[in-house]
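Peer 1: Listed below, chain by chain, are the residues.
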Amino acid sequence: MNVSIKEEVGNTYSDNDQFNNSKNSNEFIIEIEGLEKSFDGFKAVDGISLKVRKGELFSLLGPNGAGKSTTIRMLTTVLKPTNGDAIINNISLINDKNKIKPLIGVCPQDNVIFEALTAEDNVQFVGQMHGMDRVENELRTKALLEKMNIAGREKAAKTFSGGMKRRLNLVMSLIHQPQILFLDEPSAGLDPQARRLVWEFIKELKKTGMTIILTTHDMVEADALSDHIAIMDHGKIIAMGTLNELKKGSNNGNILDFSFYSNEELIKTKNKLEEIDNVKEIKELENNKLVISFTGGIKTFKQEILSWLDSFKTLHFREDSLEDIFLKLTGRGLRDN
Amino acid sequence: MNSIDLKAWHIARKNVKEKIKNYGSMFWTVAFPILMLLVYKLAFSESGDDVGGMINGLTAFDVEFPGIVVYTIGMSTVTSAVMFSMSKKNGTLERIDSMPVSRGNVFLGAVLSETIFMNLQLIIVFVFGYGVLGAHFELAMLPLGYMFAMIYGVGAIGLGIIIASFLRSPEAANGFGMLTHMTLMFISGAFFPLDNNGVFFTPQYWIKQVYLQLTVVGNSFSDLMYRGSIILPTSNATAMPIWGGLLMIIVFTSLFIIIGVKIFQKKTSL
Numbered sequence: 001m002n003v004s005i006k007e008e009v010g011n012t013y014s015d016n017d018q019f020n021n022s023k024n025s026n027e028f029i030i031e032i033e034g035l036e037k038s039f040d041g042f043k044a045v046d047g048i049s050l051k052v053r054k055g056e057l058f059s060l061l062g063p064n065g066a067g068k069s070t071t072i073r074m075l076t077t078v079l080k081p082t083n084g085d086a087i088i089n090n091i092s093l094i095n096d097k098n099k100i101k102p103l104i105g106v107c108p109q110d111n112v113i114f115e116a117l118t119a120e121d122n123v124q125f126v127g128q129m130h131g132m133d134r135v136e137n138e139l140r141t142k143a144l145l146e147k148m149n150i151a152g153r154e155k156a157a158k159t160f161s162g163g164m165k166r167r168l169n170l171v172m173s174l175i176h177q178p179q180i181l182f183l184d185e186p187s188a189g190l191d192p193q194a195r196r197l198v199w200e201f202i203k204e205l206k207k208t209g210m211t212i213i214l215t216t217h218d219m220v221e222a223d224a225l226s227d228h229i230a231i232m233d234h235g236k237i238i239a240m241g242t243l244n245e246l247k248k249g250s251n252n253g254n255i256l257d258f259s260f261y262s263n264e265e266l267i268k269t270k271n272k273l274e275e276i277d278n279v280k281e282i283k284e285l286e287n288n289k290l291v292i293s294f295t296g297g298i299k300t301f302k303q304e305i306l307s308w309l310d311s312f313k314t315l316h317f318r319e320d321s322l323e324d325i326f327l328k329l330t331g332r333g334l335r336d337n
Numbered sequence: 338m339n340s341i342d343l344k345a346w347h348i349a350r351k352n353v354k355e356k357i358k359n360y361g362s363m364f365w366t367v368a369f370p371i372l373m374l375l376v377y378k379l380a381f382s383e384s385g386d387d388v389g390g391m392i393n394g395l396t397a398f399d400v401e402f403p404g405i406v407v408y409t410i411g412m413s414t415v416t417s418a419v420m421f422s423m424s425k426k427n428g429t430l431e432r433i434d435s436m437p438v439s440r441g442n443v444f445l446g447a448v449l450s451e452t453i454f455m456n457l458q459l460i461i462v463f464v465f466g467y468g469v470l471g472a473h474f475e476l477a478m479l480p481l482g483y484m485f486a487m488i489y490g491v492g493a494i495g496l497g498i499i500i501a502s503f504l505r506s507p508e509a510a511n512g513f514g515m516l517t518h519m520t521l522m523f524i525s526g527a528f529f530p531l532d533n534n535g536v537f538f539t540p541q542y543w544i545k546q547v548y549l550q551l552t553v554v555g556n557s558f559s560d561l562m563y564r565g566s567i568i569l570p571t572s573n574a575t576a577m578p579i580w581g582g583l584l585m586i587i588v589f590t591s592l593f594i595i596i597g598v599k600i601f602q603k604k605t606s607l
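Going down the list, the sequences are from chains A and B. Heads up, the first sequence is in my numbering, so the first residue is 1 and it goes up one at a time. Heads up, the second sequence is in my numbering, so the first residue is 338 and it goes up one at a time.
Pulled out of the complex, with its shape left as it was, chain A reads as follows (with noise of 0.2 Å):
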């Protein structure tokens, strides 16, 4: 279950730990080995490895170009691989692609569906793919619709607002009870109504069983839904864990994100913070920003530098955040790509 999970696996962001954690290889639901794909030299994904459980939320984060739609891509057998392997419930990727298309189901990053076809006609359309019994298809796409309320509408698909759009999306991928369910960037362009109801709905699917592959560049998206994190940059996993192995494991302390209304003001208060103990780190950003890391109390620290601050923009004090942990990782933010 989750939180044995959570438990058995390391504090460090080696991938290869996952593997080495592994108690009985059955539990794992996807095991990735080396996975690479390249697009005329350009590898987009550069030999990932990875070990999903069964029953978890798996998240694979990281900002545009990381790779994350290439892997699912992978993983959803439309793009084949150019080096290693995936075994997916016990089906190699590879040697059986076939084998495995009855027990994913796929929600792309962009709204594909049927444009002309209304609600109705594009979920039963999955169905008959997977083969589906056609009673239990009408049922079965009804509640779906009704749960994500696009149920009764007898118009195209295509005069659907975004959000409507977007969750007929994510009922396509689910109307033959997909053991594996890849969410590609699930919530993108939705309102926060609507993206909370998506979100209740995916928590909803993961107390079914279901095991769930995220992908998503939405820190707080990740933090709220995920079990497992994989943080990837450039097409490679640079940290896995859970959210709290991940903050760990980044040992960033607290922080503090400044901005400033000059260059010459953000350089004067870099270089008095760099003369104070407990600032570990500080990161320039563009636009004239800072974030500090530093340990010891926020209030005790607030103190201390507004005794000396002269001028600032804009200044602010939190917890450390996935969004820092990337910051550290590859010296830039998730939205500076």
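Calculated directly from the structure, the hints in this document are not laboratory data. Careful, some of the hints might be misleading.
List of simulated lysine-lysine pairs, DSBU-like, C-alpha gap at most 35 Å [unchecked claim]:
1) A/LYS289 <-> A/LYS302
2) B/LYS599 <-> A/LYS80
3) B/LYS378 <-> A/LYS99
4) B/LYS599 <-> A/LYS147
5) A/LYS142 <-> A/LYS43
Dock chain B against chain A, hints included.
Peer 2: What follows is chain B alone, placed relative to chain A:
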């Protein structure tokens, strides 16, 4: 490609539903054959003798009527090119690829749905051409003519698949498909007879000749099979039995389908 099963039928149904709900496309599916017939009727309403003495007793419209049949069926090149390039562009092909369904089903589904629309257009052409505009027609030969027209139609879909293999945008597929179709119509002599050996290299020439002999000139398939009947453009005499033309249609159709499927598979299997 793996096995072909009932899923091809579901794909065909989905394709038909999509087409029916595209009202612009549906309008042209119905209107274009009628417009072409009217244009032909106006252009070729004089007797054959007046325009070069091709066949006694038949008007030029009667003799050119098979050209409209060829044109109508050949439009499948355009519609299938658009359909396949659209599925590449909007990701639906990739989505289907992630499901337990073979590419064989996808191709067969497309051929089935396109054939349904081909039939719809042919019915319009026959009803309007023979029924309203009074084109000459040997009714007994209709089933055979229809069957060979459908074989050519499958080849036209294959040509559309070849075009879609190289183009990602449906707009480009529409433009290039139309350019290919119209060029072949003109250089095959399907619109206007041409005295040039180049026509032999186009399926349009063969289907027009076969259709002409079967449904307009001839009235006995067995006679047509054994005596020279296809009028070659380089000679005024009939020189080839009809089975030669049938063979050419089958060869072209097989080539277009095999090449189309092979190239499309190669270009889209990532």
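Peer 1: Which of the listed hints are not met by the structure?
Peer 2: 3, 4, 5
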